[in-house]
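Participant: Sequence:
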Amino acid sequence: MPPVPGLPGAPTVLLAQALAAATGGDARLARDALALLRELDPQRDIATAWRQRAVGPEDGASADGESVYHTPNTSPYYTPEYSVEGDEDRSLPASPQRSMEGAPDRSLPASPRRSLAGEAGEAGDAHRAARQAAWQVAAALAGTPTGFDVLQSIVARPVAAEHSRDFALLLKAAAAVPAEHAVRGDPAAVLGDPAALGTLPGKAVACAAARMAGEVEAARPHQWALTAVRNDIFETGPGTLFAAIDSRLMKTGRWIERATPERGRLLRNPILGKSPFRALKHGTQNVERGPAIARHRLAREKELRRAAAALVEPLAAAAERARAPGPGQVPDALLRAAVLEHCLQTPAPQPLERDGFDEAARADIAARLAGRLSPDPGPDLVEHLKKSTQLAALADLRLDSEAMGEWFDEVHGAPGNDAAQEVQEGQEVPWVHTVSTALAQAEEEAMGRDTRVPVVTRDTVRTALKDIIANIEGSSRLRLSSGGLVGVGLRQITSSVSAVASAFFLRGRVDGRAQRSRQAVFEIAMPPYDMELVLGSQRQISRQIGVGAFVGPDIGVAKAGVNVDTLFYGREDAEIEGISLRLPRVGRPVPELRAEFSALVDALLDGSQGGAQADDATPLLQRLLQEFPELTVNRIGEAGDGRRRHGVGADAVGSIGQFGVKVSASVGGNVEAQRNVTKHYADATGRMRVERSIEGNAVRIGVGAKVSAGPSASVASQTSFSGGVDVSLATTQFGVGAERIHSGVSHRREAVYEDGRLHPLSFVETEYQTVDAFMKALKPEKGAWEDAGADPERLEGLLADIRQHAAPTHSFAVRHIVTPEARARNDAYRSAMQLCEQHPSGLPQAVAALAGTIEAQWQDPEATQPYSLRSYERNLVQATRGVDVVVQFASVEAAEASHIDNRLDVPAERPRRT
Numbered sequence: 001m002p003p004v005p006g007l008p009g010a011p012t013v014l015l016a017q018a019l020a021a022a023t024g025g026d027a028r029l030a031r032d033a034l035a036l037l038r039e040l041d042p043q044r045d046i047a048t049a050w051r052q053r054a055v056g057p058e059d060g061a062s063a064d065g066e067s068v069y070h071t072p073n074t075s076p077y078y079t080p081e082y083s084v085e086g087d088e089d090r091s092l093p094a095s096p097q098r099s100m101e102g103a104p105d106r107s108l109p110a111s112p113r114r115s116l117a118g119e120a121g122e123a124g125d126a127h128r129a130a131r132q133a134a135w136q137v138a139a140a141l142a143g144t145p146t147g148f149d150v151l152q153s154i155v156a157r158p159v160a161a162e163h164s165r166d167f168a169l170l171l172k173a174a175a176a177v178p179a180e181h182a183v184r185g186d187p188a189a190v191l192g193d194p195a196a197l198g199t200l201p202g203k204a205v206a207c208a209a210a211r212m213a214g215e216v217e218a219a220r221p222h223q224w225a226l227t228a229v230r231n232d233i234f235e236t237g238p239g240t241l242f243a244a245i246d247s248r249l250m251k252t253g254r255w256i257e258r259a260t261p262e263r264g265r266l267l268r269n270p271i272l273g274k275s276p277f278r279a280l281k282h283g284t285q286n287v288e289r290g291p292a293i294a295r296h297r298l299a300r301e302k303e304l305r306r307a308a309a310a311l312v313e314p315l316a317a318a319a320e321r322a323r324a325p326g327p328g329q330v331p332d333a334l335l336r337a338a339v340l341e342h343c344l345q346t347p348a349p350q351p352l353e354r355d356g357f358d359e360a361a362r363a364d365i366a367a368r369l370a371g372r373l374s375p376d377p378g379p380d381l382v383e384h385l386k387k388s389t390q391l392a393a394l395a396d397l398r399l400d401s402e403a404m405g406e407w408f409d410e411v412h413g414a415p416g417n418d419a420a421q422e423v424q425e426g427q428e429v430p431w432v433h434t435v436s437t438a439l440a441q442a443e444e445e446a447m448g449r450d451t452r453v454p455v456v457t458r459d460t461v462r463t464a465l466k467d468i469i470a471n472i473e474g475s476s477r478l479r480l481s482s483g484g485l486v487g488v489g490l491r492q493i494t495s496s497v498s499a500v501a502s503a504f505f506l507r508g509r510v511d512g513r514a515q516r517s518r519q520a521v522f523e524i525a526m527p528p529y530d531m532e533l534v535l536g537s538q539r540q541i542s543r544q545i546g547v548g549a550f551v552g553p554d555i556g557v558a559k560a561g562v563n564v565d566t567l568f569y570g571r572e573d574a575e576i577e578g579i580s581l582r583l584p585r586v587g588r589p590v591p592e593l594r595a596e597f598s599a600l601v602d603a604l605l606d607g608s609q610g611g612a613q614a615d616d617a618t619p620l621l622q623r624l625l626q627e628f629p630e631l632t633v634n635r636i637g638e639a640g641d642g643r644r645r646h647g648v649g650a651d652a653v654g655s656i657g658q659f660g661v662k663v664s665a666s667v668g669g670n671v672e673a674q675r676n677v678t679k680h681y682a683d684a685t686g687r688m689r690v691e692r693s694i695e696g697n698a699v700r701i702g703v704g705a706k707v708s709a710g711p712s713a714s715v716a717s718q719t720s721f722s723g724g725v726d727v728s729l730a731t732t733q734f735g736v737g738a739e740r741i742h743s744g745v746s747h748r749r750e751a752v753y754e755d756g757r758l759h760p761l762s763f764v765e766t767e768y769q770t771v772d773a774f775m776k777a778l779k780p781e782k783g784a785w786e787d788a789g790a791d792p793e794r795l796e797g798l799l800a801d802i803r804q805h806a807a808p809t810h811s812f813a814v815r816h817i818v819t820p821e822a823r824a825r826n827d828a829y830r831s832a833m834q835l836c837e838q839h840p841s842g843l844p845q846a847v848a849a850l851a852g853t854i855e856a857q858w859q860d861p862e863a864t865q866p867y868s869l870r871s872y873e874r875n876l877v878q879a880t881r882g883v884d885v886v887v888q889f890a891s892v893e894a895a896e897a898s899h900i901d902n903r904l905d906v907p908a909e910r911p912r913r914t
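Under the working numbering, the first residue of the sequence shown carries the number 1, and numbering increases by one thereafter.
There's no promise every hint is true.
Unchecked claim - With a Cα cut of at most 30 Å, we get these calculated DSBU-like pairs of lysine-lysine:
#1 Lys466 with Lys387
#2 Lys251 with Lys466
#3 Lys281 with Lys679
#4 Lys779 with Lys679
#5 Lys251 with Lys281
#6 Lys302 with Lys466
#7 Lys281 with Lys466
#8 Lys679 with Lys251
#9 Lys466 with Lys779
Stated by the list, open to error - Computed Cβ-Cβ distance ranges for the label pairs, DEER-style:
#10 Pro454 with Val887: 49 to 59 Å
#11 Thr678 with Val586: 22 to 32 Å
#12 Arg263 with Ala160: 48 to 58 Å
Calculated directly from the structure, the hints in this document are not laboratory data.
C-beta: ideal position from N, C-alpha, C; glycine also.
Let's have the full structure, built from the sequences with the hints guiding it.
Facilitator: Here you go:
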């Protein structure tokens with residue numbers, strides 16, 4: 001096996017740990033087990049056992065009546081005498097799977113049954129014990145990230161690379177055979193026991209053994225069982241993990257049914273009738289957009305130039321029919337044509353859009369304008385134009401798609417315009433079509449497509465998901481959630497009591513609130529290592545305490561004054577439970593991944609409740625495991641997030657109304673500090689497991705205005721934390737605002753384990769909420785990134801572009817991936833931890849020491865290498881509707897998405913799957 005960097009003795013240590021765990025520290029038994037392992041030819045032994053397996057009492061029926069791989073009785077591998085009384089010296093026909101003729105037989109006995117007839121007394125017992133210990137050692141090693149390589153290095157003949165995964169899963173399945181079967185742990189013995197073959201692990205053993213024997217078709221019927229074992233699923237039936245996951249999958253169809261218009265017209269409890277697909281009416285929040293600099297800005301520039309080129313001559317033609325705005329001036333349309341001509345002569349990728357025109361640009365525009373006014377313009381005309389007020393006004397002109405749209409509307413709708421008449425008569429005018437479509441496409445490239453789903457059905461959900469799958473790019477994620485919250489708050493009642501006590505001029509209040517919420521969650525994402533779905537349910541608890549006051553006259557019909565709120569302490573905690581479905585991304589063409597994931601979504605929608613195949617007798621989970629052998633099915637373990645909040649805000653507010661119906665408005669701002677912002681996620685089961693942790697802090701500053709009308713017990717407030725659930729049953733609200741993150745940084749670690757091994761794209765990342773903090777942190781590190789392979793010119797271009805296009809929705813990150821050497825050490829340390837835990841005493845001190853070493857390695861800068869500089873764009877829409885009068889009861893919907901807006905990756909050898 002390849003050496004572990006910095007840990008030359010790791011293989012010996014792991015082997016000793018496995019022997020100790022399997023034998024309980026019995027040195028003699030460990031010696032005998034090791035001797036048997038060193039004589040083992042695993043592939044031949046398993047293939048032989050597969051061909052000699054006991055077919056069962058009723059022509060290939062398993063203990064539960066299900067056929068277990070039909071092998072005709074006429075097969076040369078079928079042995080009727082295969083029993084305790086059979087002939088142990090009976091030879092098998094030659095097979096390509098067997099070792100070369102004349103070579104020593106290094107395989108272990110096919111099963112304990114075959115040895116019973118020839119072994120007796122203590123010698124037989126010792127041999128059986130050694131054999132059992134040998135298989136336990138093999139299973140223990142194969143179940144760890146590094147141990148399988150150790151096992152391959154000690155057996156007489158290693159398993160061929162194309163069957164190594166089958167062998168590892170065979171050992172895992174054999175060790176998982178239910179305890180009531182005496183053959184547990186011995187693959188050959190499992191193959192000889194019909195009752196064991198009737199269990200899920202037994203079927204997985206048979207599937208893996210058939211594959212190792214080269215009989216792929218015979219293995220195919222129970223491929224699902226092998227995939228299940230790979231995902232740590234070992235039982236079916238009520239109350240099992242299999243049943244829980246299958247139930248969660250079937251719920252997908254129930255979510256769709258709850259979000260349909262028919263169900264939407266009914267009164268419902270938002271906490272019990274949850275469906276994340278209701279949030280699709282807010283769209284997919286640009287999750288499908290890739291890096292703007294690489295795609296959308298270039299595409300937008302192309303469309304703007306196409307529109308400008310088509311608009312120049314119609315503007316010039318319109319000028320012939322227009323009057324100048326004043327003496328000594330030219331028609332605006334002619335000036336606009338000259339402006340567009342000037343912008344078009346600047347070659348791409350320089351932007352067509354301008355924020356004002358300098359003196360040189362105005363001089364060029366004047367010359368172009370003079371050329372349109374006279375066939376032979378003299379210098380006096382050019383000078384006159386340069387000094388005109390029209391040209392001077394260009395210094396403040398913002399030329400963008402909006403301005404071009406206004407010019408287009410004016411020229412094609414102008415009186416006497418032939419194009420306007422043709423459009424009115426239903427005729428298509430080429431230049432009108434070109435300009436209108438180009439401007440619309442440019443707007444789409446800037447803002448994204450309209451992806452809102454007004455009516456939710458199974459077909460519209462399918463269409464929306466397939467559109468995301470076809471276009472989503474790396475590091476993008478969409479989260480849809482919907483549910484309800486309940487709570488109590490003192491804000492309204494304390495404000496009313498205070499108003500009476502102060503003659504309605506001062507309304508002091510205590511803003512103490514406690515809320516609980518439950519939401520259904522659906523996520524679709526494309527991290528660097530896979531494409532995935534998350535189906536879950538989130539529970540959230542929030543508490544806060546603060547004080548506030550409204551100062552101003554209240555004469556019943558009208559009220560005006562200043563509203564101040566202070567949040568002393570706020571805390572939010574959330575936990576999520578559910579499952580995730582993943583298909584690996586690395587080492588395969590992306591179109592292939594998209595096609596397979598699209599088929600997975602089809603199978604999920606068709607097989608879940610209400611789907612075309614929902615009545616199939618085979619469980620949906622079993623069908624997915626059978627159809628998608630590379631599928632990862634995870635049960636989510638510990639996952640959730642939390643934060644602590646403090647803040648202050650002030651608003652100038654006013655309202656007018658009577659009998660509980662009022663119109664109110666506010667304008668103001670707030671400052672909020674968030675600390676101990678944490679997010680954590682960990683899969684509990686599955687072949688590919690993700691452990692994600694994020695810790696950080698932020699300070700946010702917001703300003704805005706809000707108007708509301710309808711039944712309400714309070715005036716509109718812009719302060720973000722003042723109302724929490726600032727809603728009422730029929731109140732209409734409209735608000736505009738802007739929020740700026742004054743400061744903030746978060747540290748993220750994402751460890752991905754595939755079949756136990758740390759994935760090459762596991763990473764640590766520091767994310768900055770402001771562009772200034774990002775630039776400051778990166779400045780001393782530029783040399784390291786250039787040494788890692790970043791092109792200096794591209795690096796400077798990236799930083800300039802990020803600064804130029806920074807927006808409130810952007811954050812900026814520096815990502816490092818784990819080095820190959822650190823990954824090898826991490827795998828070795830975790831292998832040692834797993835083997836310690838298998839020891840009878842558990843060795844807690846050793847496990848704690850190893851965990852500390854692993855954590856120290858994650859903190860070591862030398863264990864990571866530069867990988868990517870990037871900016872993210874995040875978009876969120878949230879709608880809350882309900883009642884907030886002491887008791888709070890509301891429905892909550894949210895659509896949140898993130899994607900990379902800009903990035904630069906250093907050259908690195910991409911990991912490949914074996």
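Participant: Could you run down the list of hints and mark each one as holding or not?
Facilitator: Results of checking the hints against the structure:
1. Lys466 with Lys387: Distance of about 58 Å is beyond 30 Å: violated.
2. Lys251 with Lys466: Distance of about 19 Å is within 30 Å: holds.
3. Lys281 with Lys679: holds, 27 Å
4. Lys779 with Lys679: holds, 28 Å
5. Lys251 with Lys281: holds, 20 Å
6. Lys302 with Lys466: holds, 27 Å
7. Lys281 with Lys466: Roughly 16 Å between the alpha carbons, so the hint for Lys281 and Lys466 holds.
8. Lys679 with Lys251: The hint holds at about 26 Å.
9. Lys466 with Lys779: violated, 41 Å
10. Pro454 with Val887: 49 to 59 Å: violated, 32 Å
11. Thr678 with Val586: 22 to 32 Å: Hint holds: Cβ distance 29 Å, inside 22 to 32 Å.
12. Arg263 with Ala160: 48 to 58 Å: holds, 55 Å
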